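Enquirer: Residue numbers (the UniProt record's numbering), protein chains in the order written: chain S, 1 to 216; chain F, 1 to 265.
Because the hints were derived from the structure by calculation, they are not lab data.
The structure displayed is predicted, hence computed values, not measured ones.
Please note: incorrect hints may appear among the correct ones.
[Unchecked claim] Where chain S lies over chain F, by a calculated footprint (3+ residues, C-beta under 8 angstroms):
id : region
1  : 71 to 80
2  : 99 to 105
3  : 120 to 133
4  : 171 to 182
Idealized CB from N, CA, C, for every residue including glycine.
Residue-level listing of the chains:
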Amino acid sequence: MKWDWSAVSGFLPHLWDGLLVTLQILALGSLISFALGLVWALLMRVPSRWVTWPVGVVTEFVRNTPLLVQLFFLFYVLPEWGLTFSALTTGVFAIGLHYSTYTMQVYRAGIEAVPVGQWEAATALNLPLRRTWTAVILPQAVRRVVPALGNYVISMLKDTPMVMAITVLEMLGQARLYSQEHFQFTEPLTVIGVAFIVISYLASLALRALERRLAH
Amino acid sequence: MPTDTLPNPGTDPEKTPARGTGELIRLEQVTKRFGSNTVLDHLDFSVDAGKHVTLIGPSGSGKTTILRLLMTLLKPDEGTITVDGQQLFPASDKQVREVRKKIGMVFQQFNLFPNMTVLRNITEAPVTVLGLSKDEAVERAKGLLDLVGLADKCDAHPAQLSGGQQQRVAIARALAMRPQVLLLDEVTSALDPELVAGVLDVLRDIARSTDITMLCVTHEMNFARDISDRVLMFDHGRIIESGTPEKIFSDPELDRTREFLSAVL
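My request is simple: use the sequences and hints to build the entire structure.
Expert: Right, dumping it as structure tokens:
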């Protein structure tokens, strides 16, 4: 098999289109999973089974069914109920939701790792519960969980090609399209492989910098 | 020493209602169990305003539990707790929050907030709970840091301080709320020996120069002798002997007290 540089240069504009979509899914999916995961983790601490039971059931269900099934479900079933979103929006939401069921466990561990003495000091100072969370507990918990959240960002990056199944053209989608039109598979697939490595590497550098900053 | 920064609720008529010299804390028939272990057994005791009371006794005898009940970190299984004429247990959450403002606590493990500077540790609660302005809270905090000898550490984080310095910040943090009662829970037990004196000196100073009521659990018997008006000897969840420090330390009634003291002195 011959390596054809002209196929690489021919694919590059498509790579760029796909890259923007991949990064969009990664960035928005991360934000959703970070925010929603925190919401789940906090709801699981509400001292009422009327809250924790449904949240527990929903998140267990989402965590233990395949992302691909969820993508198909949201893309093909929701419109039947009158809820129509673009393929990209659906993909971002599905990935964010799926990963929120993992980040909630990360947050839970981070919250539980804050020493009980911190809660006691907050009580002794009469801090309201809300303030105890926002000023004392969460800042310490989040600092602890940044490395673990970062690992899920990398994981999520590697799951972004799944949105191809609901017609979103991210990097893999673009590579497949180009390959089928030009009957050249090696170059586009190799190029996006390299692109994935570069993104994960840059993301891990950014995360390490963030960790260092959070450690004062 | 700037006297206007001292916690002195009794001479600040705007902050607190006129306080008599009578009873400030009362526990009646208080029982606390952990599982099948009865830590406090129908305990009655009271503390008068402005007094310094030290609780001594072997570990597991219920001393720390009393402080934790008063701070509402624990709830008794039976009995009533009253502070300054207002019930703390049983009571509604709203009432608990109100009565709890009268009480401050310093912990064995300091429990400073590591995500905040020293200054913010001290100003956080006065601003959010008492509604002080930022400037007022900072001024109060700086006065207290001066009192505990750490005026230059405003912007440090707790991790950058020694244990003794952290504990002195924790004392300042508790005093910034101007409590009527200060609970001291083995405040020097987690410190390196050479740092103990600095913390105890600060507490002696506060005991001497303010009329704050102190409840103190400690193994530092010399400190207890210096500051206490009354010493209570605990054993198995009961007060078995009480009296002035001179009486308890020099001439205890009970062999059990004598035995305990000879073991720790």
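Enquirer: Determine for every hint whether it applies to the structure shown.
Expert: Outcome of the hint check:
1. 71 to 80: holds (count 3)
2. 99 to 105: Since three or more residues must qualify, the claim that chain S covers the region 99 to 105 of chain F holds, with 5 doing so at under 8 angstroms.
3. 120 to 133: As far as the region 120 to 133 of chain F goes, the hint holds, because 4 residues have Cβ atoms under 8 angstroms from chain S.
4. 171 to 182: holds (count 3)
Of the numbered hints stated above, none is contradicted by the structure.
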